[in-house]
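Asker: So you can see what is in the structure, the chains are spelled out below.
There are 2 protein chains.
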Amino acid sequence: MTADYKIFELGDFPLQNGAILRNAKLAYKTFGTLNAARDNVIVYPTWYSGQHYDNEWLIGPGMALDPDRYFIIIPNMFGNGLSSSPSNTPEPQNAARFPKVTACDNVRAQHRLVTEHLGISHIRLVTGWSMGGLQTFHWGALYPDMMDLLAPFCGSAKCSRHNFVFLEGVKAALTADAAFAEGWYREKPHRGLRAAARVYAGWGFSQSFYREELDLTTLGFASLEDFLVSFWEGFFLPKDPNNLLAMLWTWQNGDISANELYNGDFKAALGAIKAKTYVMPGETDLYFPPEDSRNEVAHMPNATYVPIPSIWGHFAGGPGTNPVDVKFLDDRLKELLAS
Amino acid sequence: MTADYKIFELGDFPLQNGAILRNAKLAYKTFGTLNAARDNVIVYPTWYSGQHYDNEWLIGPGMALDPDRYFIIIPNMFGNGLSSSPSNTPEPQNAARFPKVTACDNVRAQHRLVTEHLGISHIRLVTGWSMGGLQTFHWGALYPDMMDLLAPFCGSAKCSRHNFVFLEGVKAALTADAAFAEGWYREKPHRGLRAAARVYAGWGFSQSFYREELDLTTLGFASLEDFLVSFWEGFFLPKDPNNLLAMLWTWQNGDISANELYNGDFKAALGAIKAKTYVMPGETDLYFPPEDSRNEVAHMPNATYVPIPSIWGHFAGGPGTNPVDVKFLDDRLKELLAS
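Protein chains in written order, with the UniProt record's numbering: chain Z, 1 to 339; chain D, 1 to 339.
Hints listed in this document are in silico derivations from the structure and should not be mistaken for laboratory results. Since the model is a prediction, treat every value here as computed from it, not as a measurement. Just to be clear, a hint being listed does not mean it is correct.
All copies of an identical chain are treated as equivalent in the list; a pair is satisfied when it fits inside any one copy or across any two copies.
Claimed, not checked - Below, in silico cross-link-like pairs of lysine to aspartate or glutamate (DMTMM-like), each with a Cα-Cα straight-line distance of 25 angstroms or less:
#, residue 1, residue 2
1, K171, E212
2, K327, D12
3, K171, E213
4, K171, D12
5, K188, D330
6, K267, E212
7, K100, E291
8, K267, E291
9, K334, D12
10, K188, E56
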């Protein structure tokens, strides 16, 4: 089997926390063709544990992200198993010793891919779901002159304290399993993965989603327990625990101002984003609640607050689970790209 | 040391699931004096893992629950370590073999305490926080002619599917620790307890509570991590894991209609509640969201929806953590008792 994606070799890549990720690899996939003017570029980063495959639901002919019009780049986040990750990095930086990577590190690596490797100096749109939204905000703050448009959805520019706590619960459940062995497991710590999945289940979808039994009526599961096992445990079990924890650290430490450009001044970092932006929270998202998006928009000069009217919680934004929400998102992206 | 509470011996107590809890014990504490007319009775059940001590913040001279005026009975819930529980029941019904007890079983036992043992036939008010609210609803549905007033706060008449899922996460985190040993631990499975605590932390308080840093500014913790360790882990570690899981099962299976009176007809059970009722959700409670309370009130003939305006999440209702919320609750209870 030939891989459907490419690897950009970053070489020895210095990280914010002082470590150097040796022979760092950035896996990416492109769709469509770069036009002669080199002005039809969309960057679309991945989300927590997602790989580029998991982003494809928002791309297609006739959609906003139309490969017949745009050159769409999906860079895989470090830790997701395709770009450098605990699971695919050779000793000594493997497994539990994989260094801490920030969202800023991710976007700086992506910037090298886009500029050095692909020869692109201007981006039309950066967009992404969840941690893809976090990276979208980073693009805007780190390279404010480089793009016209931003559309982070169900994400934030900085991990909120509540979001941090939710992730502590996921991490604690996963690592409570002694089989995790501080990251030096030989066999999958399946109890910990299943526990993390059950913790996540209450956060991923909203109270109303469960009240209205969309897991049964729309997603077609046989019972709540079937949903917890077949959907949630099934989602977590194939994933590498160290990868999950590496990305979780990236998420918890996400902050567009945690770098030498802004020195922790979050409002200044938001204020520096020049691109026309739609900040699109899910109205019932429990860990990226609309209030946080509203606060961000208040400090951004060119941003509009565009909540997604949905009871699908965080899944209002992906991964293509609910057609009504996909239509809403796609329409807003078309609107933005037409402006 | 003399115990500050009494034990009502229930004898061999038949449970809804078919088991008989042998030599069942109901621990309770009373405040104030039963008057000659025997019409000044308030019943105030306990909450998840709480003991009667943990209910005392709402009782006091000058408060709605004034022991100078009312005879206040706090019955301890089965599983809470004082009434019959996995931790205090002798073999063979001890530990992981403690039988499944419903909220209906709890309230039937409390009814025997109140009628048989204390000789009371009429109750002025039943009130309670969280699972205490669940028991309050049960009092109303099981004994609709027995009381004038009900005031469940931050609770529900039936465990919602989302609430069930949240509790699955807590349970999975606790039991992912191999030291739990399916309930036959010799030493405390502290990793599992700590993990359960961290899972709970995101649910107990609202996103806004954490956003506004009330853990630091109002509760006085030094950092978010200090709050997670000193408050949350400190809260869970002293508790017996089997007790926690016994009460968790009671919670997950709470439903005022799951008995032979209503045969699962939830609306009929709500409709049968005659007492004048204030249903008081916390406006930002993440696991007893206001919508569920509104739905309940819609099916109750004599109920009013009275949300607690607070960003303290579930802790808007207790245990006396926020003075502003205590004042709101106390005022509403005074209003109700004056009617």
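Asker: All the hints need checking, so say for each whether the structure fits it.
Answerer: Against the structure, the hints come out as follows:
1. Taking identical chains as interchangeable, the C-alpha atoms of K171 and E212 lie at most 25 angstroms apart only when they sit on different chains, with a minimum of 24 angstroms there against 29 angstroms within one chain.
2. For the identical chains of this complex, K327 and D12 are neighbours neither inside a copy (41 angstroms) nor across copies (60 angstroms), given an alpha-carbon limit of 25 angstroms.
3. In this homomeric assembly, K171 and E213 come within 25 angstroms of each other (Cα to Cα) only across copies, at 22 angstroms, whereas the closest approach inside a single copy is 28 angstroms.
4. Proximity of K171 and D12 under a CA criterion of 25 angstroms is satisfied in neither setting, with 29 angstroms inside one chain copy and 43 angstroms between copies.
5. With identical chains, the CA atoms of K188 and D330 are never at most 25 angstroms apart, being 38 angstroms at best within one copy and 52 angstroms at best between copies.
6. Proximity of K267 to E212 under the C-alpha cut-off of 25 angstroms is restricted to the inter-copy arrangement: shortest distance 16 angstroms between copies versus 39 angstroms within a copy.
7. Proximity of K100 and E291 under a CA criterion of 25 angstroms is satisfied in neither setting, with 29 angstroms inside one chain copy and 41 angstroms between copies.
8. Taking the closest pair of Cα atoms, K267 and E291 come within 25 angstroms of each other only inside a single copy of the chain (15 angstroms); across copies the shortest separation is 34 angstroms, beyond that limit.
9. For a Cα distance limit of 25 angstroms, the shortest separation of K334 from D12 qualifies neither inside one copy, at 39 angstroms, nor across copies, at 69 angstroms.
10. For the identical chains of this complex, K188 and E56 are neighbours neither inside a copy (28 angstroms) nor across copies (47 angstroms), given an alpha-carbon limit of 25 angstroms.
Going down the numbered hints, you'll see the structure goes against 2, 4, 5, 7, 9 and 10, while the others check out.
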